[in-house]
Amino acid sequence: MIRKCMWLVLLLTIFSACSNRGDQVLSIQEEKPQDEKVTIRIFDRKIEVADRLQELAALYESLHPDVKIEFESLGAISSSYDVELNSKFGLGTFPDIFTTEAYLSFEPWEDIALPLNDFTWIKDTVEGSTDGVTVNGTIYGIPITLEAYGYIYNKDLFAKAGITTIPTTISELREAARKLQAIGVTPFSNGYAEWWILGNHSFNIALASHETPNEYIEGILDGTIDLSNDETMNAWVEWLDLTIQYGNRNPLSTDYQTQVEKLANGEAAMMQQGNWTQFMINERNPEINLGIMPIPISDKGHDYVMVGVPNYWIVNNQSPVKEEAIEFIEWLITSEEGKSFIVNDLEYIPSFTTIDYDAKKLGDITASLQTYIDQGKTAGWYWSSFPSENANLVFENIQRYLRGQTTREQFLTNLQQDIQSIQ
Numbered sequence: 005m006i007r008k009c010m011w012l013v014l015l016l017t018i019f020s021a022c023s024n025r026g027d028q029v030l031s032i033q034e035e036k037p038q039d040e041k042v043t044i045r046i047f048d049r050k051i052e053v054a055d056r057l058q059e060l061a062a063l064y065e066s067l068h069p070d071v072k073i074e075f076e077s078l079g080a081i082s083s084s085y086d087v088e089l090n091s092k093f094g095l096g097t098f099p100d101i102f103t104t105e106a107y108l109s110f111e112p113w114e115d116i117a118l119p120l121n122d123f124t125w126i127k128d129t130v131e132g133s134t135d136g137v138t139v140n141g142t143i144y145g146i147p148i149t150l151e152a153y154g155y156i157y158n159k160d161l162f163a164k165a166g167i168t169t170i171p172t173t174i175s176e177l178r179e180a181a182r183k184l185q186a187i188g189v190t191p192f193s194n195g196y197a198e199w200w201i202l203g204n205h206s207f208n209i210a211l212a213s214h215e216t217p218n219e220y221i222e223g224i225l226d227g228t229i230d231l232s233n234d235e236t237m238n239a240w241v242e243w244l245d246l247t248i249q250y251g252n253r254n255p256l257s258t259d260y261q262t263q264v265e266k267l268a269n270g271e272a273a274m275m276q277q278g279n280w281t282q283f284m285i286n287e288r289n290p291e292i293n294l295g296i297m298p299i300p301i302s303d304k305g306h307d308y309v310m311v312g313v314p315n316y317w318i319v320n321n322q323s324p325v326k327e328e329a330i331e332f333i334e335w336l337i338t339s340e341e342g343k344s345f346i347v348n349d350l351e352y353i354p355s356f357t358t359i360d361y362d363a364k365k366l367g368d369i370t371a372s373l374q375t376y377i378d379q380g381k382t383a384g385w386y387w388s389s390f391p392s393e394n395a396n397l398v399f400e401n402i403q404r405y406l407r408g409q410t411t412r413e414q415f416l417t418n419l420q421q422d423i424q425s426i427q
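In this text, residue positions in the sequence shown follow my numbering: the first is 5, and each later residue adds one.
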């Protein structure tokens, strides 16, 4: 609550400082001629589908000639999305729909988000998919897709290396890496230049590997768990070391696009990524034979992939076109044209039970993923249980460690101190 109040004070201060410009923007919006098109501005962070979102806008506009949809995408490959989103509200150029992650990331936007309980279609969401944007029983965000990540792997390279069983322990993963290296293939493509790959997804592997993740997170935050002596966290660091030992050159400067390319062109056999990379890989190598598998960090066994909602669409309750924004969303998730676009064009696993999909048609990765979902072999996304600043702090600490600037004990001690400093 304190964090939210501080944020609101800051936001009001920015609004006050920019009041003249903000009043002008609002005035312009309110004085539009009746025959002018209604413009719905959407600020989104799914950079992978930016071009397809433009196609979605064109489709909707063709069916609704009185509406114009403006998508602006600033992807997860940049850490500035949240900064830019705050700036838009501060300058009075706020979007009508925007995206946010769950829990603490959503908290600052609760008073700006439109409540959705009264819309019948919100009841059709997959069980648990709205938990991260629900406050006191009120749902504030729309989950458009489910995503999962683990190791995306090249089945043909695994077969060539003689790997016949999917690794579910760190020992098996190390042996698989050795076999791949022996045939001249880089085992791991590491995109460790990206803050979200290390600060969110990799860190989450440690959290999800614990028997009781939520209690584990509480212990990290209140200091009852000493990370430098913690079994799970030390196992996670050993896994990080393994990925460097058997990974690509210059991993700390390898970005997302390059990471994907190394897997797509057959240079590397595995990469820590999710089903969202399928069409990016297909564009580079449509014939590649892929699957998804666990990321084991110990010998206790880790036979699961991590599933969650990447982003929620939030309707700005201050928007003068919020009714039109809701109509667009309702069309997207209830009409045949909209549902088809979600599955066939965006290639999303839908978060709505009313949208049918064939996992095989969504590509090898999703088809492989579906077997884990069907068997209940999934773990959650827990990084949203930490303040949003946590991701960059984790990222910076990992990078320092992987550069050899700190020992493992120093790394974990510094990591815990930094995490606790931002509560």
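Please note that a few of the clues may not be correct.
When the alpha-carbon atoms are kept at most 20 Å apart in a straight line, the in silico PhoX-like pairs for lysine-lysine are as follows [said to hold, decoys possible]:
#, residue 1, residue 2
1, K326, K304
2, K159, K127
3, K365, K72
4, K364, K381
5, K304, K381
6, K159, K343
7, K41, K364
8, K127, K381
9, K127, K92
10, K326, K92
11, K183, K164
12, K364, K343
13, K326, K159
Treat the hints as calculated values from the structure; they're not laboratory data.
So, going through the hints one by one against the coordinates:
With a CA separation close to 50 Å, the supplied pair K326 and K304 exceeds the 20 Å bound. The suggested pairing of K159 with K127 is violated, with an alpha-carbon distance near 39 Å, which exceeds 20 Å. Simply put, K365 and K72 have alpha-carbon atoms about 31 Å apart, too far for the 20 Å limit, and the pair is violated. For the suggested pair K364 and K381, the alpha carbons sit about 19 Å apart, so the restraint of at most 20 Å is met.
Taking the CA atoms of K304 and K381, the gap is about 15 Å. The hint holds against a cut of 20 Å. Between K159 and K343 the CA atoms are separated by roughly 31 Å; this puts the pair beyond 20 Å, and the hint is violated. A hinted pair counts as satisfied when its Cα atoms are at most 20 Å apart, and K41 with K364 does not qualify at roughly 40 Å. Proposed proximity of K127 and K381 is contradicted: the alpha carbons are some 25 Å apart, above 20 Å.
Taken as a hint, the K127 and K92 pair is broken in the structure, with Cα atoms around 31 Å apart against an allowance of 20 Å. Between K326 and K92 the CA atoms are separated by roughly 17 Å; this keeps the pair inside 20 Å, and the hint holds. For the given pair, K183 sits about 9 Å from K164 by alpha-carbon distance, which is consistent with the 20 Å threshold. Distance check on the hinted pair: K364 and K343 sit about 17 Å apart at the alpha-carbon level, within 20 Å; holds.
For the hint linking K326 to K159, the alpha-carbon distance of about 47 Å lies beyond 20 Å, and the restraint is violated.
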